[in-house]
Amino acid sequence: NAGVTQTPKFQVLKTGQSMTLQCAQDMNHEYMSWYRQDPGMGLRLIHYSVGAGITDQGEVPNGYNVSRSTTEDFPLRLLSAAPSQTSVYFCASSLMTGRDTQYFGPGTRLTVL
Amino acid sequence: QQQVKQSPQSLIVQKGGISIINCAYENTAFDYFPWYQQFPGKGPALLIAIRPDVSEKKEGRFTISFNKSAKQFSLHIMDSQPGDSATYFCAAASSGSARQLTFGSGTQLTVLP
Chain A
1 NAGVTQTPKF QVLKTGQSMT LQCAQDMNHE YMSWYRQDPG MGLRLIHYSV
51 GAGITDQGEV PNGYNVSRST TEDFPLRLLS AAPSQTSVYF CASSLMTGRD
101 TQYFGPGTRL TVL
Chain B
1 QQQVKQSPQS LIVQKGGISI INCAYENTAF DYFPWYQQFP GKGPALLIAI
51 RPDVSEKKEG RFTISFNKSA KQFSLHIMDS QPGDSATYFC AAASSGSARQ
101 LTFGSGTQLT VLP
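Protein chains in written order, with our numbering: chain A, 1 to 113; chain B, 1 to 113.
Treat each hint with caution, since some may be false.
Here are the computed lysine-lysine pairs in the DSS-like style, where the Cα-Cα straight-line distance is at most 30 Å [as the list claims (entries may be wrong)]:
(1) B:LYS42 - B:LYS57
(2) B:LYS58 - B:LYS5
(3) A:LYS14 - B:LYS42
(4) B:LYS42 - A:LYS9
(5) B:LYS57 - B:LYS71
(6) B:LYS15 - B:LYS42
Derived from the structure by calculation, the hints contain no laboratory data. Note that the structure is predicted; figures quoted are calculated from it, not measured.
Produce the complete structure using the sequences and hints provided.
Pasting the structure below:
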């Protein structure tokens, strides 16, 4: 099993550009989530999904979109990148809910100029 | 609004010493308290977790102490080793409909050889 994979590992964007961060898991987990990690602020939940076709907002959803067309994939879209979105982004999956053990991907380091 | 407050932000301990990281929460609905460990360049990974029906849980050199009345819990690392140098996050979740993890701000632990 590859676990949770994320691409790309690094990305530099200019303000206003859009992009999609990819996340995939091969553990047949129902619950998937996106977090951003900023110094001194821990991990903050952006969006999450409890199954294919079902998504919901987390703590910091503004400027991000998600969709879940399959159990395996949960892409995160930045609509119009802003410098405030410079961060490290982690995708995670767990069996059923956020209370189950979450398995994190290796992260994507995004810089917005 | 941070529902889980973690301290200290950084901690330096000598090899063989005891590392103690503290967390406090506000939401009395929280009933699941995991700790995640993150090495540089990697995603967080579950280290140990506790539910409020017990006051202490031990796994090897790692112990969680839980004080329900004070709404506090802590991670103790006995006989700290240089390989324990990492960032540690406490987290909390409830069994309610959201069931999302709320993370603390993280503690960067350095164990000196």
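- Verify the proposed pairing of LYS42 (chain B) with LYS9 (chain A), using a straight-line Cα cut of 30 Å. holds, 11 Å
- LYS58 (chain B) and LYS5 (chain B): Cα distance at most 30 Å? This hinted pair holds, its Cα atoms lying about 22 Å apart.
- Take a quick look at whether LYS57 (chain B) and LYS71 (chain B) sit within 30 Å of each other, Cα to Cα. The given pair, whose Cα atoms are some 16 Å apart, holds under the 30 Å limit.
- Query: LYS15 (chain B) and LYS42 (chain B): Cα distance at most 30 Å?
  - Reply: holds, 23 Å
- Task: Would you check the hint for LYS42 (chain B) and LYS57 (chain B), treating anything up to 30 Å between C-alpha atoms as holding?
- Result: holds, 26 Å
- Task: Quickly compare the C-alpha distance for LYS14 (chain A) and LYS42 (chain B) to 30 Å and report which way the hint goes.
- Result: It holds: about 26 Å lies between the C-alpha atoms, which stays within 30 Å.
When each numbered hint is compared with the structure, no violation occurs for any of them.
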